[in-house]
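**Q** Here is how the chains run, residue by residue.
Number of protein chains: 4
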Amino acid sequence: MWHVPKLKEACGVIGICSPKSAADYLYFGLRILQHRGQESAGISVLENGRHFLIKGMGLVHEIINSDKTGHLTGSKGIGHVRYSTHGVSALQNVQPLVVQTRHGEVSVAHNGELVNADSLRTDLQNRGWAFLTSSDSEIIVRLLANELSGHADPVRSIKNLMRIIQGSYSLAIMIGDRIFAVRDPYAIRPLCIGRINDGWGVASESVVFDNLDGEFIRDVEGGEIIELTCDGPKSWKFPSPKDKAHCMFEWVYFARPDSMVDGRLVYDIRRKIGMKLAEEHPTDADIIVPIPDSGRAHALGYSEKSGIPYGEGLMKNRYIERTFIMPVQQERETGVMLKLNPIKSEIEGKSVVLLDDSIVRGTTIKKIVQILRNSGAKEVHVRIGSPPIIAPCYLGIDMKTRQQFVASSKSVEEINKIITSDSLGYISIKGLVECIGLDEKSLCLGCLTGEYPIQIEGEMVRFQKQLESF
Amino acid sequence: MWHVPKLKEACGVIGICSPKSAADYLYFGLRILQHRGQESAGISVLENGRHFLIKGMGLVHEIINSDKTGHLTGSKGIGHVRYSTHGVSALQNVQPLVVQTRHGEVSVAHNGELVNADSLRTDLQNRGWAFLTSSDSEIIVRLLANELSGHADPVRSIKNLMRIIQGSYSLAIMIGDRIFAVRDPYAIRPLCIGRINDGWGVASESVVFDNLDGEFIRDVEGGEIIELTCDGPKSWKFPSPKDKAHCMFEWVYFARPDSMVDGRLVYDIRRKIGMKLAEEHPTDADIIVPIPDSGRAHALGYSEKSGIPYGEGLMKNRYIERTFIMPVQQERETGVMLKLNPIKSEIEGKSVVLLDDSIVRGTTIKKIVQILRNSGAKEVHVRIGSPPIIAPCYLGIDMKTRQQFVASSKSVEEINKIITSDSLGYISIKGLVECIGLDEKSLCLGCLTGEYPIQIEGEMVRFQKQLESF
Amino acid sequence: MWHVPKLKEACGVIGICSPKSAADYLYFGLRILQHRGQESAGISVLENGRHFLIKGMGLVHEIINSDKTGHLTGSKGIGHVRYSTHGVSALQNVQPLVVQTRHGEVSVAHNGELVNADSLRTDLQNRGWAFLTSSDSEIIVRLLANELSGHADPVRSIKNLMRIIQGSYSLAIMIGDRIFAVRDPYAIRPLCIGRINDGWGVASESVVFDNLDGEFIRDVEGGEIIELTCDGPKSWKFPSPKDKAHCMFEWVYFARPDSMVDGRLVYDIRRKIGMKLAEEHPTDADIIVPIPDSGRAHALGYSEKSGIPYGEGLMKNRYIERTFIMPVQQERETGVMLKLNPIKSEIEGKSVVLLDDSIVRGTTIKKIVQILRNSGAKEVHVRIGSPPIIAPCYLGIDMKTRQQFVASSKSVEEINKIITSDSLGYISIKGLVECIGLDEKSLCLGCLTGEYPIQIEGEMVRFQKQLESF
Amino acid sequence: MWHVPKLKEACGVIGICSPKSAADYLYFGLRILQHRGQESAGISVLENGRHFLIKGMGLVHEIINSDKTGHLTGSKGIGHVRYSTHGVSALQNVQPLVVQTRHGEVSVAHNGELVNADSLRTDLQNRGWAFLTSSDSEIIVRLLANELSGHADPVRSIKNLMRIIQGSYSLAIMIGDRIFAVRDPYAIRPLCIGRINDGWGVASESVVFDNLDGEFIRDVEGGEIIELTCDGPKSWKFPSPKDKAHCMFEWVYFARPDSMVDGRLVYDIRRKIGMKLAEEHPTDADIIVPIPDSGRAHALGYSEKSGIPYGEGLMKNRYIERTFIMPVQQERETGVMLKLNPIKSEIEGKSVVLLDDSIVRGTTIKKIVQILRNSGAKEVHVRIGSPPIIAPCYLGIDMKTRQQFVASSKSVEEINKIITSDSLGYISIKGLVECIGLDEKSLCLGCLTGEYPIQIEGEMVRFQKQLESF
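Residue numbers (this note's numbering), protein chains in the order written: chain A, 1 to 470; chain B, 471 to 940; chain C, 941 to 1410; chain D, 1411 to 1880.
Because the hints were derived from the structure by calculation, they are not lab data. All the pointers check out, no bait thrown in.
The calculated lysine-lysine pairs, modelled on DSSO-like cross-linking and capped at a C-alpha distance of 27 angstroms, are:
hint, chain 1, residue 1, chain 2, residue 2
1, D, Lys1715, C, Lys1318
2, B, Lys775, A, Lys305
3, C, Lys1284, D, Lys1715
4, B, Lys538, C, Lys1008
5, C, Lys1256, D, Lys1715
6, D, Lys1788, C, Lys1245
7, D, Lys1754, C, Lys1245
8, A, Lys305, B, Lys814
Beta-carbon label-pair distances, calculated as ranges:
hint, chain 1, residue 1, chain 2, residue 2, range
9, C, Thr1341, D, Pro1429, 39 to 49 angstroms
10, C, Ile1104, A, Ile164, 25 to 35 angstroms
11, D, Glu1472, A, Thr73, 25 to 35 angstroms
12, C, Asp1007, B, Asp868, 37 to 47 angstroms
13, B, Val625, A, Ser423, 55 to 65 angstroms
14, B, Asp537, C, Gly1316, 49 to 59 angstroms
15, C, Asp1007, B, Ser821, 51 to 61 angstroms
16, A, Gly49, D, Ser1544, 52 to 62 angstroms
17, D, Glu1472, B, Glu929, 40 to 50 angstroms
18, C, Gly1316, D, Ser1838, 29 to 39 angstroms
We put the CB at the ideal spot given by N, CA and C, even for glycine.
Sequences and hints are given; from them, build the entire structure.
**A** This is the structure:
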């Protein structure tokens, strides 16, 4: 039984305004957002009028510690955790990015992906700009600085920036001594506002505020610009479409189960998905088994709806969340360390329903099916909490190549054969949308339909009219 | 909601004989045993007739890596992971210990605790011996070497060693080019034999063999001396009492749920405990919620027996399994990072049964009860998978002071008040014993009864007659 | 006896073209230039058409090692070592800087200092540019990229860059797959060309080629643009003044004694300075003692000319070249570790002439004079290999504040009293110029005269006519 | 021009008693002794009655820092630096060694080598003792502990220890709360007593006290046992031969030039050796050039006596004192980094006398001769400050194999040809002894004569009668 390295990853951002010191809140907030990115971490804190930057490759507690933050007393700051990519220029790309401008320093932390990054970069290079990093965030921070140089008005600069950049972006921005939070007009990646003790914050997920003994207040709206002050948030609106494009994968997989994302508790939606799967693809199996930890809430829902008992039939090593793997060890590591181990008493002689959040290549789920069979499962029925993934994501998830998706060229029945299960059921798009409880027009389902909320070269646009309408 | 730093910890040992290289198996085996000890790790590998030692403070993958093991080709070796103690002399105490003797090198890895360590140490010091470490293991390895010096017979030496040392010991020993595994006559801490591909191994838990694509064969018996060869194990027996003293805590808390310990799958016993709790302390609550990850199997059992739905009502940060904490951060870390976060939709307005494996001081469970109340729980009923802990462990668990046990001076009803729950139910000793399915005389229940299987100064002995009988 | 932390520091640059791999030459070349900068190190190597960057804070061998370079096979690359400054933004400023431009990547390594950096930065910020670092080098690399975007002609771009930037600059530049070396029109900081085995290189000092079994060929001229190819250098000239402004401190202190700088062997000039000092400030002392290692060649010259014996009367700890000092230890470290220890038999009862390269604040030399007295010196006569430093350097040496120079407000006689010596003699400016053997008009003596070869706001310009003449 | 990795290395020890804190003095004292050993460092400090140990592989400032020592207030402690050996078991062998005994803790730091270590080890192993390290120091500390167990009298224990161990030993010992220093009866390795501020210390070299603003008092005598108290030293004598066996290499190479060793300033003796060489092997050369840094004082003496000018004709990279070298780089590192670079103006067309302290294999000096020739030297005359090394050292220097000594099988004339010099002159044994100024009978000249002061199996003993006489 094997669990693959994640193909689906995002980032996390945070911004804090606290009359006491912001650094501590940033540190703990990023640790709470660690599941959104494990490659790098950084904070930029307003300290005596300057943006004091601490960042590096590694987990939050490896990069930021009290040795480095103990002397910081600034009341404002932003932070970032970044997902795991590999590349020689990784260090330069670590966020926040801080630039010196005519009107002071500007720091930016970005979760999302610009679809016009390449053309913007080319345009700017043609105008003589050179880029020190390969990240979208440098485009954002420098366009912003360019805007600011003309009029020194942060909100106007942000609005003009929003006219230029297209794609998904949840931003925490510090301009001089002011903090802003911005969410793209489609509200693709999450961003929310909360209270902390005597101050205020923005963060990718509401769980930050729960853990900091604070309080989740509300989501940042699509196209909203928030200024974060210690007296509370101020808000401006950038013209935005009525229908949003929230990434359905946040609920299905990314976000922590205890987070509220766009008004919906993640855990609840996963349970509903499980229940819906029980309706759409019923079985008369003996036991419902999740792939830990991603399939647990789905499995509980399926169990509740079907009345079939839930069991923790697969165990994983909880000390493998993150390890720097030596290249030569990699293959064996993948084999041995990520292995899921069956609880024979839960599996043997039984008809098992196996629940997970999604299938990308199908190789992992196949191995898990086989492990269950080797442990004596009479039947293995696979139920998946998202519809088949058939198309790339251009808006913040690291799934780029159509060929890697088993569902892009195979029917469900073919996939069922490939993964050697007795039956395979994906939730329907309609079912998923129902479980989320939002209008389909307010979701980004690009990877499921191949139609995207934003114009992407070579891809189809959904709701063309909507795009033209504002 | 808060989760305390663990008070209950053990160690893990492994021994491997593989015609190919042992180092890889030791590395992966120790990673699989990582949950048994996170402070230090080490291996001793037979390499060209010498014992090649790699060890240090840290997690397995931080200490042992392919840079250091890539050139190792020896077919035999032993390894150790050690639990988290703190002390200035920590580095010297890291295992395995290797000594040079008249008849070659001797390496020892030890899980357990000697009850006559102090008197042995004093005796030997009086004879002019000096100790370089403060560990029981130095006593063991040097007594063994002393024995060997007389006659060079490993098995005879081990038997004579067993005549001298008293307490719990599961040992992996390499003497020259031979590997032995030894379990104390009472079989207090676990130790088992398994196959790996083309070789054989011993390990603290059977899960090692599952994950290495090998096969669990059987437990090492109390008083058994195993020689591990690539053709399989050879066995000698040291005179041992018929009744054993298996530590009940291995099933209740320590061992991985997917391990077989002394013939019983840990997961099954935890479920049975949960079911028994439902019998002994029934409720008519709305939902059964575990403290993750330790209470999960108990909760599933309670749910199954009671028919009350199971829900994952508490979430934890899965990136906190181990962090080096700066002293000044410690307090806040404990507060923020270890916090459990409630899923409101599972808790609000409900009568909740909260399941965990044990209560030591009671401070953590109290915080969790309060978190549930703050999330709107109508009632909170606590059910605990072990009887009240009232006495210290002298046989390998780091629970030494009576004063730290809330149950040593308070009644269950008093504890119920202290932790602010609506009701509190511990499993009974009788119930626990039934769930484990072994005769009470074969279990060590010292921390529950204050009566120990072995004579300990100032404590009562259980089964005095038994001790005298062999 | 005490030796102060250095106040006078520079940087080192290198560029290599070798048909085999450039990385090894860069690594070893930077280690040979290590005395020019110990804070950070980096290389950028052309690898499959891309600029592969390795850099960080630390000594060369700590940052660049065969683990990281072993796979590099590119034939071209540049490198940099940076002197010790301290600041929170240190990491971002580590060189080389690499940018992505319309016409590929551009890497820059810079030794020197721009006098119009602030105004350029402001101009560019006013035009909307934002800066990710606080270094002059970002100004250079981005101006260069801006130029390139228009016409893609590297040499034309470099020439246009040279029209904009003012100050000292010895540059190694990689533009796409081509390497250039540039020296400012005044040839302020050193730069030379040499052969290495089957290739060619540029480096701050000729000693690089000696140690790499190569051959020093010639200095890069002021205003010269070199393209480094594996077939040898090509050259272009930027209009430059006939008279140069070589920094006299390179010969007096910075460069290694075995380097040729602008046609003169450093060791020879230091000996000549010592001889000139013996003429200008003779003594009838018993022994000539250098402050190791900086005053050794000067002392040998003084001894030779005066006939007074040379003795190594002061010893230093050779394991203190560089240590990361914990802040709290710093004061005591400075006291204890940097202490020079007298050889009593060389000092006691003698009249001693103490030689060093320069005096900045005077605190160190005072301590050393006292140590000699405590060791029984009858008289202590101090002779200094540079004239009094009275004004800041704006062209690459970290001496910025007039107040720190004891000679800016005190006469030689007053300084003699302050440092408690029996006599004090600085070499005269005229004498120094004679020893260097170049026309005074070809030297930068700004820190000695307060008149600078380049217009600096608030300071006097020397040779105003010269500036206007080309 | 090449400089070989050192074949000749020793260790350094220190003991401090200061009413304030000892830890700081130990730290700085070891840094001052760093030239005696760069592989590992450690201190053991008496802290609340316990021996608090800090040690590890690396330079002093890498192992011991204020983070670790800041809280230490104990007034007593010992320390050790160890020379560079390579081996897998290196970590265990790091000193001080600390053992737990019947009468408290015992810490030992040892400079020297026991000639009966193997037989002692075998004897003790036959008695059933096992050794955790491969160091002589474990033999010493455990024999001492064994003695102590009988009567708890430290001085008596040390005397009995001295009856058993044979060889060279300068020891710093902490027994419970008392510190002792011991020097073997032949006083082979150095050890001296000094004052520090308000306390007292012992150290391998007097330079420690100079640098700590203290005062060298006297050498510890051969066979002397010193107890170090804050009121000054107490002394006991172990029966010792009248004639000593001071290692001549301490003056020729090991000790710092500014140290007093057994009443003689090292620098003075090196100068005298140079002068004596000028008498025994005169030349009419043009310049005297040392190999830096080891040959400098010898060269100054030769210059003074001969009247031929002294010149620093060879430069070395001062950033290579110590580097962890990756195995694959090692060969090239040795080639490039350790290279000495000639100052052509000092060499070209001249007849050069090259001075160094000793020749072991002859490979390095040959390369240096060739470099001088390549730089245009007309003639190269080599003068060596020690007589030919023909036999191993068994008493503390890492020169063990006769075959590695070029002089063990070749005549001086043959070596002259091998190293391609025009003439080669070693100082005579008689000359060396005169320069040192002690009776030949008080020196260990074993490596020069093959006759040792102590019985060594397979070797000749010098002064047999002397040995029998006490």
